[in-house]
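Chains as they are written, first to last, in UniProt numbering: chain B, 1 to 99; chain R, 1 to 277.
Don't read these hints as lab results, they were simulated from the structure.
Computed from a predicted model, the values in this text were never measured in an experiment.
The beta-carbon is built from N, C-alpha and C at its ideal position, and this holds for glycine as well.
Keep in mind that the hints are not guaranteed to be accurate.
[Unchecked claim] Computed from the model, here is a short list of chain R residues facing chain B with C-beta under 10 Å:
1) G14
2) V16
3) L32
4) T54
5) A111
6) F115
7) G116
8) L123
9) V134
10) G152
11) A164
12) T168
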Amino acid sequence: MTPTYYLLLSALLFSIGAVGVLVRRNAIVVFMCIELMLNAVNLSLVTFARINGQLDGQVMAFFVMVVAAAEVVVGLAIIMSIFRTRRTASIDDSNLLKY
Amino acid sequence: MTLDLLAQAAPDPGAVSTGEAVVFWILGPISLLGALGMVFARNAVHSALALVGTMFSLAIFYIVQQAPFLGFVQIIVYTGAIMMLFLFVLMLVGRDSSDSVVEVLRGQRLAALVFGLGLAVLLVAAVGRSLTSVTPKGLPADGPGYSGNVTGLGAKIFTDYLFAFELTSALLITAALGAMVLAYAQGKSHAKRGQRATVEARLRGEHDRISPLPGPGVYATGNSVAVPAVLPDGSIAPESISAIIDATPVREIEDEPGPDARALTGGRHDDTAEESR
Numbered sequence: 001m002t003p004t005y006y007l008l009l010s011a012l013l014f015s016i017g018a019v020g021v022l023v024r025r026n027a028i029v030v031f032m033c034i035e036l037m038l039n040a041v042n043l044s045l046v047t048f049a050r051i052n053g054q055l056d057g058q059v060m061a062f063f064v065m066v067v068a069a070a071e072v073v074v075g076l077a078i079i080m081s082i083f084r085t086r087r088t089a090s091i092d093d094s095n096l097l098k099y
Numbered sequence: 001m002t003l004d005l006l007a008q009a010a011p012d013p014g015a016v017s018t019g020e021a022v023v024f025w026i027l028g029p030i031s032l033l034g035a036l037g038m039v040f041a042r043n044a045v046h047s048a049l050a051l052v053g054t055m056f057s058l059a060i061f062y063i064v065q066q067a068p069f070l071g072f073v074q075i076i077v078y079t080g081a082i083m084m085l086f087l088f089v090l091m092l093v094g095r096d097s098s099d100s101v102v103e104v105l106r107g108q109r110l111a112a113l114v115f116g117l118g119l120a121v122l123l124v125a126a127v128g129r130s131l132t133s134v135t136p137k138g139l140p141a142d143g144p145g146y147s148g149n150v151t152g153l154g155a156k157i158f159t160d161y162l163f164a165f166e167l168t169s170a171l172l173i174t175a176a177l178g179a180m181v182l183a184y185a186q187g188k189s190h191a192k193r194g195q196r197a198t199v200e201a202r203l204r205g206e207h208d209r210i211s212p213l214p215g216p217g218v219y220a221t222g223n224s225v226a227v228p229a230v231l232p233d234g235s236i237a238p239e240s241i242s243a244i245i246d247a248t249p250v251r252e253i254e255d256e257p258g259p260d261a262r263a264l265t266g267g268r269h270d271d272t273a274e275e276s277r
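The following block holds chain R by itself, in its conformation from the complex (with noise of 0.2 Å):
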């Protein structure tokens, strides 16, 4: 197993291996290029698909740092459910509603990207002075750092962390009630209208006429969709033939002689024919 190996790899708990820097080189790169492919992408499909990378990455650093349970919860919950929802609402929200270029407040992405450029100066700065003496002292790998790590955090949600998780799950059948009274609100425009509502509608003028459209025309010589019915004065009734059908050009069939008949023989017929010659 890879955690075996990586447990066995760091006998020192605080320390760093060196299969763990050639994961951290490799995938913090590839997590740093997802986040920023995320801020600019024009397609918000192909950001939160670069979200995916990034949050896939993380979730391996999890499990490099001895959080192995934190690392699969982030893959099921973050780049499976999550990231599925937002592409899903994408699909039925945004996709097409691209990013205007058009800027609200004149100078606001230049002052976005000076402040953001200053925060991560800061924090990089800020952790990166303080940081430098701290000796690590890591999770011990037989204990909360690899095989208990599961055991362990349970013990903590449930003994010292119990009102937090109580809370939390408080909080989850809020969301969910929320989510369903805000996403299901059938609203009037998809309310299914009865009949006497329609008979109002129509009497309303809502409708461009009043009864249903006249049906085609049905003779002794003809009873198609194309033949027009006709009025009382014996004229003909416009609306009872499709408007498709008045545009199609309609092909006169000239009295042209059929097929021959001795065609339909095929070759046989001639044969016996050259034979017999």
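In isolation and in its complexed conformation, chain B is listed as follows (with noise of 0.2 Å):
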């Protein structure tokens, strides 16, 4: 076995939320999915500092870790507000910018 594996599983990760991201319609799930695709590019952040044998992988997952709650925090806020105007949390319904 070599670390190509977690590769592969990242692989597999990335590839199940970006169908998560375009089956599902219930806008919170929808963004759990795209952080799951984060959590996979992550994964293979990770084992690309191990095979390269150089920190600026992992240095790259931090960062990627920020920006994702900074992301959550904005997009939660959003997707509520959303809901206080809207009262449904469908992606379907959402179809305008205003009212």
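Fit chain to chain and form the complex, with the hints in mind.
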């Protein structure tokens, strides 16, 4: 077994996350699928850091985590404000930017 | 410590030890199952919990792969903070709004599945083909791979990636402000109405009647809430009694004899009576 298996796993997780973004209609679940894709990329970054023998990949994964945390906070706030005005969390119902 | 064992078990830092292979083959399917469960669970809370499982196994992968700091950050930040934030918002917003089964675009799900399969095949084939001949170097176990991981990361972040780190701080502040602005929108529906606004709304006819409801009648013989008030013309004011009281069936108490006073003394009286007999 080589670390390449981690990359294969991360590719599968990324594909599953992409399918989830396309298939699911609940905005929060779509958001969780995006989180899964970010995590898959993090796994591949950590694996690349190991293969390469350098810490840069881990630093990149660290930054991805920070950006993901900020993105989650803002995204969930947007979902909540849309829910306040439209009383729905489904992405099919939010087809207008206003009202 | 587990980390010690892991570090000792792999003298060649690039090679995959047996223990790591066992960890991978146990947690890899679990993480895949968690991801699939997240996508295909109807209930949003179930998908959130499945995602927690996936993230947890990913954290263990990080720890195993000579990134212990990232592993613990993954557990604390992702499974601890972010997923709990997700669950909070789910409980507030989308718990009962289960996913609609209706396809808005016809054939979209099938197309998405085909796309996902194609993407997976492409990525796996590319990774598998391009990385077969790569020999992993690995991080040295006495250096950045294990004991010097945090110091190594810190040195990188504060020297090579300093500008990105500063940008990150700006991003975090902006995100916190944005979340406050977006989520703390005290809308018009929540604003408290003042006295004048209430009076004007009453006179405009937004309420059923202008004045408050009349209270119940107060008489010499009774002042209970079940006694209606009397209007100036002698008729009964129907609004002075609550609708619940009006609807409650009234049982007339018959003029029956009350309980026998001697029964209250219990058996003691009877005993003495029997003894005397």
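Here is what the structure says about each hint:
At its closest, the beta carbon of G14 of chain R sits 7 Å from a beta carbon of chain B; the interface hint therefore holds under the 10 Å criterion. Of the supplied interface hints, the one on V16 of chain R holds, with its beta-carbon coming within about 5 Å of a beta-carbon of chain B, less than 10 Å. The beta carbon of L32 of chain R comes within 6 Å of a beta carbon in chain B, closer than 10 Å, and the hint placing it at the interface holds. Using the Cβ-Cβ criterion of 10 Å, the hint placing T54 of chain R at the interface with chain B is satisfied: the shortest such distance is roughly 7 Å.
Given hint, A111 of chain R at the interface with chain B, holds; its Cβ is 8 Å from that chain's nearest Cβ, closer than 10 Å. Hint on F115 of chain R holds. Least Cβ distance to chain B is approximately 7 Å, under the 10 Å limit. With a cut of 10 Å, the hint placing G116 of chain R at the interface with chain B holds, because the nearest CB-to-CB distance is about 3 Å. Taken as an interface hint, L123 of chain R checks out: its beta carbon lies about 4 Å from the nearest beta carbon of chain B, inside 10 Å.
A distance limit of 10 Å between C-beta atoms decides the matter here; for V134 of chain R the minimum to chain B is near 6 Å, and the interface restraint holds. Against a cut-off of 10 Å between C-beta atoms, the interface hint on G152 of chain R holds, since the closest Cβ of chain B lies about 5 Å away. A cut of 10 Å between beta carbons decides the hint on A164 of chain R: the least distance to chain B is about 6 Å, and the hint holds. Because the closest C-beta pair between T168 of chain R and chain B is about 5 Å apart, less than 10 Å, the hint holds.
In this structure, none of the earlier numbered hints is contradicted; all agree with it.
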